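Each protein sequence line maps, in turn, to chains A and B. The C-terminal position of the first sequence is numbered 350 in this note's numbering, with every residue numbered one higher than the one before it. The C-terminal position of the second sequence is numbered 306 in this note's numbering, with every residue numbered one higher than the one before it.
Just to be clear, a hint being listed does not mean it is correct.
If the Cβ cut is set under 8 Å, some of the chain A residues that face chain B in the computed set are [said to hold, decoys possible]:
1) Val22
2) Thr147
3) Phe148
For the record, the hints were derived by calculation from the structure and aren't laboratory data. Since we're looking at a predicted model, the values are computed, not measured. Cβ coordinates follow ideal geometry from the N, Cα and C atoms, glycine included.
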Amino acid sequence: MRSYVLKRFGQAALVLWAAYTVSFLLLSALPGDAVHNRIQNPEAQISPDQAQVLIEYYGLDRPLWEQYGSALIAALRGDLGYSLTDGRTVTELVGAALPSTLALTGLALLFGVVFSILIGIVANYAPWPSVRDVVGSFPALFGSIPTFVVGILLLQLFSFGLRLIPASDDGSFVALLAPAVTLGILVAAPLAQVFTTSIRSARAQPFARVLQSRGAGQAYVFRRGVLRNSSMPVLTLLGLACGELIAGAVVTEAVFARPGIGQLTVGAVSTQDLPVLQGVVLVAALAYVSVNFVVDLAYPFIDPRVLTKGQRTTGRRAGPIAVAGAIDREPAALPNLRVPRRLPVEMSMP
Amino acid sequence: MSIIAVEPSSADREPLNGAADGASRTAPSSTTAARWFGSHWVLVISVAVFAVALLWALVPGAFTRYDPIAIDNGLKLRPPSAEHWFGTDLLGRDLYSRIVYGARASLLGASIAVAVAVFVGSVLGAIAGWFGGLGDTALMRLIDVLLSIPGFLLAISIVVLYTARTGHAGLVPAAIAVGLTTSATFARLIRSEVLRVRASNYVEAAITSGATTFAIVRRHVIPNSVATTVSLIAVQLGIAIIWIASLSFLGLGAQPPEPEWGLLVSDGRKYIATRGWLVLFPALAIVAVVLATNVISRHLSKRAAR
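Please put together the full structure from these sequences, using the hints given.
Right under this line is the structure:
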């Protein structure tokens with residue numbers, strides 16, 4: 001178990017380092033004259049002294065690899081540089097924006113999981129075929145409606161139409177509900193799609209039929225066998241969805257005029273504040289990497305065979321990458337989803 | 001540019017052929033044709049929706065007589081009527097006409113995005129899959145890293161880089177950004193297809209009989225990977241439409257007064273309480289076309305799996 005954890009941790013650290021490098025090359029190295037542009041911009045009103053400080057701070061007079069080295073070391077200390085528009089540090093700006101976005105994404109994830117479980121169960125177990133079909137088409141429908149459209153409609157419906165929630169963010173929990181549902185629908189689309197398919201395939205496996213032929217009811221088979229077997233791909237996808245949550249928050253926060261990482265991004269984009277943008281990209285990558293690390297740690301509890309790879313006889317665990325390849329990263333992209341065949345998880349016969 | 005023009009129509013033609021195949025196979029009696037339609041009506045509607053959007057994009061002038069950009073202050077914010085089907089916007093422009101012309105921006109953007117993604121993804125995936133070894137490992141690790149940065153944020157970053165240089169955003173740079181970010185998906189798919197075909201007996205036989213790599217790729221690898229790739233192209237078209245619309249909504253894609261569906265929704269937002277149609281119709285256009293591409297893609301991937 002320990003070597004498994006260490007290996008996963010090493011992988012997570014490696015991906016994060018590489019993500020930092022990509023964002024450095026893209027946003028710091030490539031537009032090397034972004035700082036110069038800002039200095040020369042008459043609107044910025046930066047004095048020559050301040051300009052010299054900026055140039056020295058970003059090390060623009062030094063070779064690229066030296067800039068990269070010192071930037072990486074500074075980043076490890078939590079120093080991501082200064083915003084180009086106001087003098088505050090990127091860490092401070094991101095830190096100030098994070099709590100609001102975490103509340104939004106956290107609640108959205110909860111909604112997304114609840115929606116997808118409901119859809120997965122109803123689409124497979126509803127007694128009427130027409131209900132199963134209609135509910136089964138929800139994931140594709142959810143994935144086809146742009147987040148900003150969902151947001152605008154919910155805002156209109158709940159704030160202006162029904163007057164249930166305040167139209168602008170007043171920091172209350174109620175104001176969080178509509179944006180969280182908006183974002184939750186975005187996440188629910190791929191999760192529900194995968195959950196529906198994997199419940200179906202788990203139900204078709206021999207162990208489910210054996211259980212049923214021994215007289216177990218649908219509910220028992222679902223609880224003891226199907227649920228566990230169908231939750232692995234969903235868990236993998238959950239890890240992937242967390243990165244998308246932050247990207248989705250950009251659009252959602254813009255629609256609902258909520259403060260947070262999204263508003264920070266939109267602001268940084270309009271002023272071409274590249275250090276802030278790099279900070280946002282890094283936070284998103286950090287969120288993705290740490291959630292996937294936690295998901296990796298959760299695998300053995302759901303399927304102990306993950307730890308005993310060598311003894312496996314058939315089947316193939318759906319790693320994050322395999323699932324990513326099969327379904328892409330957007331809700332609608334589920335063309336070739338094949339849920340891997342696997343042995344039923346250890347369970348006692350009734 | 002020729003690839004760009006061909007992409008959507010090929011995705012469109014496939015299911016039509018499929019429909020014809022299915023019909024001719026079951027043609028002997030009209031009841032079986034009716035039964036075929038009964039189980040495929042969603043597909044038929046989807047193909048029709050996509051075909052209409054494609055025609056709008058190709059010959060918008062044939063569907064509307066109003067100029068999508070010309071301002072007429074006497075016609076501000078009119079509700080839908082026989083004269084103006086979807087009403088008019090703040091500047092008196094006919095909304096139906098703007099949506100028809102908007103299909104051009106949205107579909108062109110999506111086609112560029114998918115063409116870029118297919119090109120970059122195929123080259124990378126084919127190299128990785130065919131030659132294997134260190135290059136393969138390095139490329140696949142790079143893709144893993146790219147996947148750890150949310151695609152939409154990456155696309156935003158690329159657009160900002162472009163804006164920082166030129167001073168303005170635009171539809172084409174947004175489309176290229178979306179294409180570059182989604183090329184990882186194609187690289188993965190093409191690589192796995194190449195690996196699958198490469199391991200087959202007929203490729204081994206071709207290698208033994210002295211065929212060149214180029215000939216094998218042309219005669220075996222490409223024909224055998226087309227079906228799955230086309231189905232991914234269809235679904236990616238839908239995704240690209242959503243992403244480009246979202247970028248435009250944030251002000252990072254198409255710029256006013258160009259009619260683009262995301263931009264139309266963004267413009268109509270201010271009047272949603274009293275003039276809901278300004279948001280509703282462009283939003284419906286996006287949802288209908290994206291749903292259609294999803295359904296078509298699903299049908300194609302089912303056929304590919306058979």
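A quick look at each hint next to the structure:
1. Val22: holds, 6 Å
2. Thr147: holds, 7 Å
3. Phe148: Check passed: Cβ of Phe148 of chain A comes within 5 Å of chain B, closer than 8 Å.
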